[in-house]
Amino acid sequence: MTGPTERMTGARAFIECLYREGVDTIFGYPGGVLLPIYDELYSSNIRHILVRHEQAAAHAAEGYARATGKTGVCLATSGPGATNLVTGIANAYMDSIPMVAFTGQVPSSLIGNDAFQEANITGITMPITKHNYLVQDVKELPRIIKEAFHIASTGRPGPVLVDLPKDITTDLIDFHYPEKVELRGYSPTYQGNLQQIKKAAAEIEKCSNPVIYAGGGVISSGAATELKKLAEKIRAPVTTTLTGMGGFPGDHPLFMGMPGMHGTKYANYAIQEADLLIAVGVRFDDRVTGKIKSFASNAKIIHIDIDPAEISKNVKVDIPIVGDAKWILSHLLKHTGKAQSEEWLEKIAGWKEQYPLHYLESACRDDIKPQYIIEQINEVCPDAIIVTEVGQHQMWAAQYFKYTEPRTFISSGGLGTMGYGFPAAIGAKVARPDKVVIDVSGDGSFQMNSQEMATIVQNNIPVIIAIFNNGFLGMVRQWQEIFYGKRYSSTCIRDSVDFVKLAEAYGALGIRVTKCSEVRPALEKAIASGRPTLIDFIVECEENVSPMVPAGAAINEILDLERKE
Amino acid sequence: MRHTLSVLVENRHGVLARVAGMFARRGYNIDSLTVGVTEDPTISRMTIVVRGDDEVLEQVTKQLNKLIDVIRVSDLKAEDTVEREMALFKVSSDVSNRSEIMQIVDIFRARIIDVAPKSMIIEVTGDETKIEAIEQLLRPFGIKEMVRTGKVALRRGAKGVSS
Chain A
1 MTGPTERMTG ARAFIECLYR EGVDTIFGYP GGVLLPIYDE LYSSNIRHIL VRHEQAAAHA
61 AEGYARATGK TGVCLATSGP GATNLVTGIA NAYMDSIPMV AFTGQVPSSL IGNDAFQEAN
121 ITGITMPITK HNYLVQDVKE LPRIIKEAFH IASTGRPGPV LVDLPKDITT DLIDFHYPEK
181 VELRGYSPTY QGNLQQIKKA AAEIEKCSNP VIYAGGGVIS SGAATELKKL AEKIRAPVTT
241 TLTGMGGFPG DHPLFMGMPG MHGTKYANYA IQEADLLIAV GVRFDDRVTG KIKSFASNAK
301 IIHIDIDPAE ISKNVKVDIP IVGDAKWILS HLLKHTGKAQ SEEWLEKIAG WKEQYPLHYL
361 ESACRDDIKP QYIIEQINEV CPDAIIVTEV GQHQMWAAQY FKYTEPRTFI SSGGLGTMGY
421 GFPAAIGAKV ARPDKVVIDV SGDGSFQMNS QEMATIVQNN IPVIIAIFNN GFLGMVRQWQ
481 EIFYGKRYSS TCIRDSVDFV KLAEAYGALG IRVTKCSEVR PALEKAIASG RPTLIDFIVE
541 CEENVSPMVP AGAAINEILD LERKE
Chain B
1 MRHTLSVLVE NRHGVLARVA GMFARRGYNI DSLTVGVTED PTISRMTIVV RGDDEVLEQV
61 TKQLNKLIDV IRVSDLKAED TVEREMALFK VSSDVSNRSE IMQIVDIFRA RIIDVAPKSM
121 IIEVTGDETK IEAIEQLLRP FGIKEMVRTG KVALRRGAKG VSS
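Protein sequence lines correspond, in order, to chains A and B. The first sequence begins at 1 in UniProt numbering and counts up by one. The second sequence begins at 1 in UniProt numbering and counts up by one.
One chain only, chain A, in its complex shape:
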């Protein structure tokens, strides 16, 4: 490592800063203005994964971050390289994922002149980053990078962008990395207010129908253990949002699955009949709440969140507690006794029995039911990291796989980004090579970033891509079926590509599965191969995600969409 005051170029200083931040991997794509940085990367110890599209770099950095809890890093050149990162940055922003995105920029002297490959990326990303920087003096570079990593990973995590004009990378600097960050406008609250915690404890002991509603904040704060202890101590059932999957064991008797639009009936009924809702690290997304006025309308609401702006943003809260979920839950555990919930738990057990998640298994003799594939994945590799694209398969992956550990379910929650899963799976597999990583994908979503097959083959990243091939943009088709009289406008994509040949063209293993009996052997073959593998599961084309709450309805106004034999 370089000494504290060695003279070096900005590009070299950039690498030094990454070392100091413990960065071992970055996902990126080179370009003219990044040449000085790429030249330094060539001789560095940092692993650079060359993607085939910058959007994939951002998603891969996010997958890396979500699988590890570390800050993901991506790098793109100026202009189109930078703008191609935008979707990935917005995705990380919506799901509060720590990421630092570096972009090259035209030389300072050309900024504002519409120079070749110039884009005002700090302007473009202002609304979708936690913060961003345009480096104007090489002397500021170490401070800015230090701040960027600090901001990205502390408080409510999020993406930070650092824009690097080319001259900044070639100018000389007496390198010194600051030890401390000094930002007078930024000091996240970690310790919750004890009075509020005691108030919450008193409400818990008084209530009879408690529900814990937990989200991605539980995972980012590392509060899964405390959440489990709390649920068991107070005897409250737990529902986790899409991004909260794995924050509470999916096989636990107190677990109710996901709430909301495609949540379980029993989770939704429980929320609606709760007299106390303990919301932890959630933001009351409309896909969860449905019609906001009817959401948990009988419940007092305790809201634990690190971001004060989330308190009473969507739903009026009775007891807000701002701070780190882990800290607050561990203190709440000390102060609270149990709720009066035994009758309530019996009622929920009854609902679970009456309204289980189910599909028409008898139809699975020939046509493959997508839910069956998820169950088989769960049986074959229960410890896998499941990454998803966006659509029906994503909901089935949330409903039918039992996530028992945090950071084993990675999915685009807030932004709903098709094309997210495959590159995010690349990031997750690079971060956790010890784990089986499966991208649960739709045939539509996969085609949005299928070029990354080249990345996994070139870098030998043995991700398994499980395509749920129904020949449709399935979730939109489902809505067209229910709300537009089966007028399938522009959602049929049948026979658009032979995925097995596509995999083989890139040098990956391709397997096609058309029968139920082939599902499990195909998964086992993919895992045993240790190679990048694509499995093309031909599934029933008009299967629906059920149950379903129509947009804007109350969450207990549930449609049952099961097909009859």
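Since the hints were derived computationally from the structure, they do not count as laboratory data. Just so we're clear, the structure is a prediction, and the values are computed from it rather than from any experiment. One thing to keep in mind: the hints can contain errors.
To be verified - Taking lysine to aspartate or glutamate pairs in the EDC-like style, the calculated list, with each CA pair at most 16 Å apart, reads:
id	chain 1	residue 1	chain 2	residue 2
1	A	Lys-316	B	Glu-39
2	B	Lys-62	A	Asp-307
3	A	Lys-146	A	Glu-21
4	A	Lys-313	B	Asp-53
5	A	Lys-206	A	Asp-275
As the list claims (entries may be wrong) - Derived Cβ-Cβ restraints for the label pairs, each shown as a range:
id	chain 1	residue 1	chain 2	residue 2	range
6	A	Ser-108	B	Gly-36	18 to 28 Å
7	B	Leu-154	A	Tyr-190	31 to 41 Å
8	B	Gly-36	A	Arg-184	18 to 28 Å
9	B	Thr-149	A	Leu-183	41 to 51 Å
10	B	Glu-132	A	Arg-487	53 to 63 Å
11	B	Pro-41	A	His-252	54 to 64 Å
Quick reminder that beta carbons are idealized off the backbone N, C-alpha and C, glycines included.
Add chain B to chain A, keeping to what the hints say.
Just chain B, lined up with the frame of chain A:
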């Protein structure tokens, strides 16, 4: 309901865009926004007048506080705040009505800062009602152009928003 927010921010390029962008993105309406450097050259003060109920005010305040460059946000209550706005009016005038306009200017403790054969420019400082009142009186002469700065405000007494 209108609220006056005093917002201390880092004096850096792009901060105004961040603040204005937050309002635009979240659909909050700014009535006026003034910005200038403070006694500390590294800090600027924005005075933002925003319309909305208490819930809107709470969200605006929290969202402003989320911006890394925002140092402090204070909701200034009218009773313990001095507020001023400045306006310039270019009014049509000639020898026939010049003295009448000068009388109005006197009454409002305004100033004439430019006189031409067919117009004059009047500078007035005060609260919003005063500026509206003089505007009403000048309008019959013919206001050719006018500009208002938007409100600036400071808390009364020794205690400031930064203390």
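Verification of the supplied hints:
With a C-alpha separation of about 40 Å, the suggested pairing of Lys-316/A with Glu-39/B is violated against the 16 Å cut-off. For the suggested pair Lys-62/B and Asp-307/A, the alpha carbons sit about 9 Å apart, so the restraint of at most 16 Å is met. Among the hinted pairs, Lys-146/A with Glu-21/A is consistent with the structure: their alpha-carbon atoms are about 8 Å apart, no more than 16 Å. Distance hint between Lys-313/A and Asp-53/B is fulfilled; the C-alpha atoms sit about 14 Å from each other, no more than 16 Å.
Proposed proximity of Lys-206/A and Asp-275/A is supported: the alpha carbons are some 10 Å apart, at most 16 Å. For the pair Ser-108/A and Gly-36/B, the beta carbons lie near 27 Å from each other, so the given range of 18 to 28 Å is met. Range check, Leu-154/B to Tyr-190/A: about 33 Å between beta-carbon atoms, so the 31 to 41 Å window is met. Checking the proposed 18 to 28 Å range against Gly-36/B and Arg-184/A shows it holds: the Cβ atoms sit about 19 Å from each other.
Against the hinted window of 41 to 51 Å, the Cβ-Cβ separation of Thr-149/B and Leu-183/A comes to about 31 Å, which falls outside the hint. About 56 Å separates the C-beta atoms of Glu-132/B and Arg-487/A, a value consistent with the hinted range of 53 to 63 Å. Take Pro-41/B and His-252/A: their Cβ atoms lie about 57 Å apart, and the range 54 to 64 Å holds.
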